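Let the sequences and hints guide you as you build the complete structure.
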Amino acid sequence: QKEVEQNSGPLSVPEGAIASLNCTYSDRVSQSFFWYRQYSGKSPELIMSIYSNGDKEDGRFTAQLNKASQYVSLLIRDSQPSDSATYLCAVLNAGKSTFGDGTTLTVKP
Amino acid sequence: DAGVIQSPRHEVTEMGQEVTLRCKPISGHDYLFWYRQTMMRGLELLIYFNNNVPIDDSGMPEDRFSAKMPNASFSTLKIQPSEPRDSAVYFCATSTSGRASGELFFGEGSRLTVL
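Protein chains in written order, with my numbering: chain A, 4 to 112; chain B, 2 to 116.
Because the hints were derived from the structure by calculation, they are not lab data.
Small disclaimer: the values here were computed from a predicted structure and weren't measured.
Just so you know, even glycine gets a beta-carbon here, dropped at the ideal spot from N, CA and C.
Please note that a few of the clues may not be correct.
Cβ-to-Cβ under 7 Å is the rule here; a few derived chain A residues that face chain B [stated by the list, open to error]:
1. Ser-35
2. Phe-37
3. Tyr-42
4. Gly-44
5. Ser-46
6. Leu-49
7. Ser-52
8. Leu-95
9. Lys-99
10. Ser-100
11. Asp-104
Here is the structure:
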C-alpha cells in the first residue's frame, strides 16, 4: 500500500463547477497535511496546509481533514481554466513529506 | 527574497559522466530537501538536511548519488557515474522548523537528461 494515495484522474470539470480532489494516507500518526499545485513544466507550489480535523477555507479553496478515516480532500469552488494543473497531496511524517502521485485537473471553459 | 535557486536548469550529458546539481536555499530556512520527479515514480524524496546536517538519505537510490550541504547557503547533489535511468527533474525545496517544516518552497528544478 502506498503511503499517500490520490484519485488517479484525470478529472475534468466545467468552468464554474466545484472540483473535488481526494487523498488517503496510511500512517495514522501523521499530523500535517498539504496540497500543492503543479502546472505543467513548473515546480510544485503550496496552496493549502491543514493540521486539525475539519475544514479550512482560503478563498475558493477548502481543505478537509478526517484523521479517523485518514482522509484529506481539496475542494475548488467556482473552478477557473487557470486552475487546470496537477494537484499533489503531501503528508508530513518524521520531518519529511511524502507525496501522492497527483490528480490532474482540467477546467473546461 | 529570491526563493530557492537551482542550477543548472537543464543538463544533457552522456552516460558515465559526472553530474552536479546545485541549490541555494531561502535565507533562514533550516530544512533542505532534494526530490526527484519522473512520470513513472512521481515525486520521490532523496535526502534531507536540517541545519546543514544530513538527517535521512534513505531515498538515495544507490552509491552513485551523493549530497552535501557545506553551509547554510549551498547544497549539491552529485551523480557519478550517471546512467540513462537517472533522467528526471530534480527539485530542491526548503522550509522552516516546527509545524511549518512541511510547508515546502520549491526551486524551479533541474531537468537532467542522460543519453
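Numbered hints the structure breaks, given as an ascending list: Of the numbered hints, 3, 4 do not hold.
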